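*Asks:* Construct the complete structure from the given sequences, taking the supplied hints into account.
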Amino acid sequence: MSARSRARRTSLPLGLVLPAAALLALALAYPLGRQVVLSLQSFGLAQQFGAPPEWVGIQNYRDLVGDSYLWTVVLRTVIFCFVNAALTLGIGMGIAVLMTKMTSWVRIAAQCGLLLAWAMPVVAAMIVWQFLFDTEYGAVNAVLTWWGGDYESHSWLASPMSFFAVATLIVVWMSVPFVVFTLYAALTQVSDDVVEAAEIDGAGGWQRFVHVVLPSIRPVLLVVLLLQLIWDLRVFTQIYTLQKAGGITRDTNLLGTYIYSLGIKGGDFGTAAAAAMFMLALTVVVTAPYIRMMLKQED
Amino acid sequence: MRINKTLAAAAVIALLGVTAACGSDDDGDEADGGPKTADLVVWLNGADTPQEARDWLKTTFEEENPGSTLTIEEQEWDGLVERLTTALSSEDQTPDVVEVGNTQAPTFTTAGAFSDLTGALPDLGGDDLLPGFVEGATIEGKTYAVPYYAGSTYVFYRKDLLKQANLEVPTTMEEFVDAAVALKKKSGEKDFSGYWLPGQDWRDGAAFLWNAGGDFAAQDGDEWSGTLSTPESLEGLDTYQKLFTEASGAPADANEEDPVTPFCAGNIGMMSRPGWVYGMLTDPKSGCPDLAKQVGVFALPGTDGQPAPVLLGGSDIAVSAKSPNQDLARKAVALMLSEDYQGILAQNGLTPAKESLTSLLGDDEFAQATIAAASNAKLTPAAANWAVVEGTRVLEDLFSQIAQGGDVEDLAADADERITEELQR
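Chains as they are written, first to last, in this note's numbering: chain R, 1 to 299; chain B, 1 to 425.
It is worth saying that the hints were derived from the structure and are not from the lab. Being a predicted model, the structure only gives us computed values, none of them experimental.
Partner residues aside, some chain R positions facing chain B, computed with beta carbon under 8 Å:
1) L45
2) A46
3) Q48
4) G50
5) T135
6) A158
Listed next, the in silico DSS-like pairs over lysine-lysine satisfying Cα-Cα at most 27 Å (straight line):
7) B:K378 to B:K142
8) R:K244 to B:K242
9) R:K244 to B:K190
10) B:K331 to B:K58
11) B:K163 to B:K190
Beyond 10 Å from chain B on every Cβ pair, some chain R residues (computed):
12) L28
13) L32
14) V36
15) I91
16) M102
17) D193
18) A197
19) L214
20) S216
21) F278
A virtual CB, placed ideally from N, CA and C, is assigned to each residue, including glycine.
*Replies:* As structure tokens, this is what we get:
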């Protein structure tokens, strides 16, 4: 190989990666930098409209950490995230496996249904869900009452536990299709020979699944889990809409809605930025083990 | 290889260029007042402003200012503070003229979001403008917003239902509460409301708080703090809880946005709503004209038989400080305060922004109730950060939790803490 072609090999990728890198720098580094700066300032509504901000050092962080409410919200967010990610992955895995057993036209029908659920814009879907769970005129209450339950005028969003149950249902419903499609694709790549060999060696259905199928789709599983964790940590629209439909805002805030209520609603952008930094750190901490596992796998 | 590098660099520059082009603005205005012609954007909130008024404003403005256009964009009241916070701070996105709730205005005036209208005040109506509204939008002698309309809620009731229950129109608070409870008892239905009071509706709940002598917050020197735990406030909140649990069939966690559906389902005996809701009830498409014929109205009575202190509702209009079309925006504001425009609002049950135009309301039952309700109406605390208290939904949380049967004393103490925290920031 000549020196010339080696040089080409090293510089072409660089050229290809530069535009993307520049875009990333613009789209990520600027907002992030701005957020760090904001979190060190006392930045309120007056600053939003042009008054010079005042530097306050780490005061915003100190206020936040000293407020027990932040820790309540963090704990709530982490629990919500893990429960939702686990449910989504479990249900998604179940449906994906089921799909490998379906005849093709049933599978296509199932895929269409999932695709429609997935393609539905969040806000439109939220309106439908709100109608379903409406206290006075909701279909859910009507059906449960018809079955003999005492659900007339039952407020689904009033108590925090039931609020989060509804939120979980919606979030899981929206995320399952992605998991199903990805895992189904991975499952079709599992070599039949290996599964058959295991069967001949006497492995039962469950054993084949745990010891043969799961390890072969592990890389995909890890990526899906990682994405799901990140998405469920940042969940915002569903919670925000449900809070407006009912529910006690303070008892149902997750980090996303808490930051929004500090900043946009409360007009305290400095503290909101500090809380957002906190959320970033939390995301890194929660996802770090999975990223490490993924990196190890690539070695 | 060199070509590759150059290409890559060109690609980067192109990308940067595209983004830069997005951010550049293209207005080359000559004076401070902005260009002679422009496409003006006016934000109006909710269904309050009747269509007739909107059409009149658009046509008249475009006739008087050839070459310019005026577009009305309807915003939802819910979440308005958030939307204004983001939109008003951006020169590219800001609407030129905005309607803002009279209790929300101080937050934006103190932040410098609105243009100073002091100079234009005499032309817009001067002393004739509703004084409480002008005061609320004035800081350090400068006025940043003008009244748009006022309107306090009064009580709509079903004449037939009151008659069936052998009840007279209540003349004191005590009679009112008793009548509401009696109506509910008579019906026996779980979702029937003797008095319709959705749990998040603190704006109508406020009347019971104030009637008992309580308030949300009080000023001591420079500091504001929550006063929901005073004995008077607690008494008022107890009345609210009683009304909710014994007279209302509305959900504890719903807001007051849609009274039409339950009313037209025959599930409401009495409810506090602004006058323009009557138009929605009589509408053949969305309302129920037959039931609406049974509607009578009265101003909520206080303990002493005089009208109770209800929330002085209403709106201000203001010009966005970042709008490049200051002069044209002021012209639109002037049109919205003109007798023609205000007359249309008055016909629809909204109290005009000028005192001299009150007669436009007429003198039927509705006009009398409007005027009586306004006679003792009260504003939310005049603290600079009050809109933040509204924005963070402290009061929706409080009233909804009381409606769910929570301990009033504990909940009031918690809410006080949060209100104090927001107001002292």
